[in-house]
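Here is what each chain is made of, one letter per residue.
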Amino acid sequence: MSEQALPMRPDAVETMAQSAVDHGVRRRRRREFVFMLCGLAAITFALLMLSLLLLDLAWHGLPRLSWDFFWNFPSRRASQAGILSAWVGSLLVILVTAFFAVILGVSSGLYLEEYAPKNWLTNLIEINVNNLAGVPSIVYGLLALGLFVYGLGTGRSILTAGLTLALLILPIIIVATREAVRAVPQTLREAAFGIGATRWQVTRDHVLPAALPGVLTGVIIGISRALGETAPLITIGALTFIAFLPAPPITSQFPFISFEWLFDGFTVLPIQAFNWISRPGSDFHANAAAAGLVLLAITLLMNGVAIWLRYRLRKKLQW
Amino acid sequence: MQAKKVAAGLSAVSALAITVASMQVSAVAQTRTVSIDGSSTVFPVMEAIAEEFQKSKKNQVRVTVGISGTGGGFKKFCRGETDISNGSRPILTAEIEDCKKTGVNFFELPLAFDALTVAVSPKNTALECISIADLKKIWEPAAQGKVMRWSDVNPSWPNRPLKLYGAGADSGTFDYFTEAVVGKAKSSRGDYTASEDDNVLVQGIENDVNSLGYIPFAYYAPHAAKMKALAVDWGKGQGCVKPSLENVLAGTYNPLSRPLFFYASQKASAKPEVKEFVEFALKNAVPLIKEVKYLPLPDRAYPLSLARFQKGVLGTVFGGVPEVGVSIDDLMKRESKH
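Those protein sequences? They're chains Z and L, same order as listed.
Residue 21 in the working numbering sits at position 21 of the first sequence; the count goes up by one each step and never skips.
Residue 201 in the working numbering sits at position 201 of the second sequence; the count goes up by one each step and never skips.
Quick caveat, the hints were computed from the structure, so don't treat them as lab data.
Every value quoted in this text rests on a predicted model; they were computed, and no experiment measured them.
Each hint should be verified, as a subset may be incorrect.
What the hints assert, rightly or not - Across the chosen pairs, the derived CB separations fall in these ranges:
no. : chain 1 : residue 1 : chain 2 : residue 2 : range
1   : Z       : LEU50     : L       : GLN203    : 51 to 59 Å
2   : Z       : SER75     : L       : LYS146    : 22 to 30 Å
3   : L       : PRO272    : Z       : ASN130    : 30 to 38 Å
4   : Z       : LEU55     : L       : GLN144    : 39 to 47 Å
5   : L       : GLY239    : Z       : LEU48     : 28 to 36 Å
6   : Z       : LEU91     : L       : GLU206    : 34 to 42 Å
7   : L       : ALA270    : Z       : LEU147    : 30 to 38 Å
No residue lacks a Cβ here, since even glycine has one placed at the ideal position from N, Cα and C.
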């Protein structure tokens, strides 16, 4: 009897232990479930709010979107006012911004990651770059007013605006470039060094192509941010009413290319939208919503292109 | 391939740098441009004038208008960067000094009137008129945390919370209202809903039964059905006066009506396009101002300004100090004296 009872004991202990384990697992599963619900609620809430905002914007703005809206200059009459000078201005400013920010940002990132010796100076630069990414945009506007407008005499022009926004997004691009470069496997570099490549060759032929998708993401994030900036551009003296376009970049006379547009006054989409939304009465609010939609569409389009490019480049990568 | 791209990029940079450097000299505007900046309150009026002027010139002359604010506009104006500066208040002593240093002489040209409108919810039936003394009781810094209910101001008013809406501290409207009501510019209680965006205030006043707020007349007018504008009693014998075109023109809506100006640089006015623009503005202002729902000056004011401009009468009639309750007649009397 006692021998029969004995083997039961460990069994009982086991089942007890088992049930304790089961209980623990169940509890943890429940917690996991609760966490998942919280996460789901958070993202649903965020998406709901976003779609509400977008729907509201579309509801007010869509009826205003027409061919004329894109090809008319601003006007005191809401129904005739358009965004021609604003979208042309936005496009040109972003062109200048991208040109300077990409060249300076990507090369700085590459230098810091691949060339710079690890010493206090590099550390100082690193800390500063990271800090600069968090500086409010209006500060860049004030800096640009002193440096470009009064210091270098570039005037209240597309060039100044482009340079200002380039400064603003430079830290974003540098940080993104560095992250992307750091993610390139060390073995790739070693293999290239092993067959006698110089640092420049390694960087140019292997590291940069491998890091390009990540770099591109940073560039697009930066440019999308620059596209929506208002404050620094108002500080450097962007205009609000401008009913003419910058000088054309292509001329009929030698040398056929003109950079005069760089020095012309301008306005951009967010300034135009801001001006319309802050006017008395509600006639102009539909215009502001429509301008917002256009801005949103441009940003989405750019992000789309970036994702597509990144996908293409990733597919080509093999190691 | 990557190398080529980079090399191409680098050469493009240097090419651009060289072009930029060489362009600096030749970039001096060949097209004639009138550049205007300043108050965002005056902007809708100036935009309308600029639009019509460009049309009348068949786009041979370009006009640009910015919104740096009255103070920001004067800074650029005194540096000689703009031809014309819009102001929602007269130029101040410090700004006059700045202009003197750079040798910028200016014409002061009154353009329109604004009536700061004290508005409440239409559901508020307790009052139709408010005295400047009561407004002071509500808005002075000492009221902070103390005057919290309507009945705290006047025992005959309902015992309900008082929800205040007013201009943010960076706005010219704030400067003027505090000067006119409290007696000292920028001196105000801080516990109220403040916004630089008047549309935010409009929404607040409309949707809150217990609200009281002040906004420029141009923001009240399109919402007149959803807000109630209070008549204002200065306590100087004129009694309760409603903000309206007639009362502003008659010079009785005091001290909350204020003139809006534009200032033209003397040097810039030597250029035919700027001179023509100023003359165009003064000759065609009234219908355009009415169209953008602002309050024009009386018809006789514009030829007077035009005569001053053409005779070359420079300077301000305000002496660089903030001033409230200047009626149109006062203004014109002072102008004709010059």
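Hint by hint, which ones does the structure fall short of? 1, 2, 3, 5
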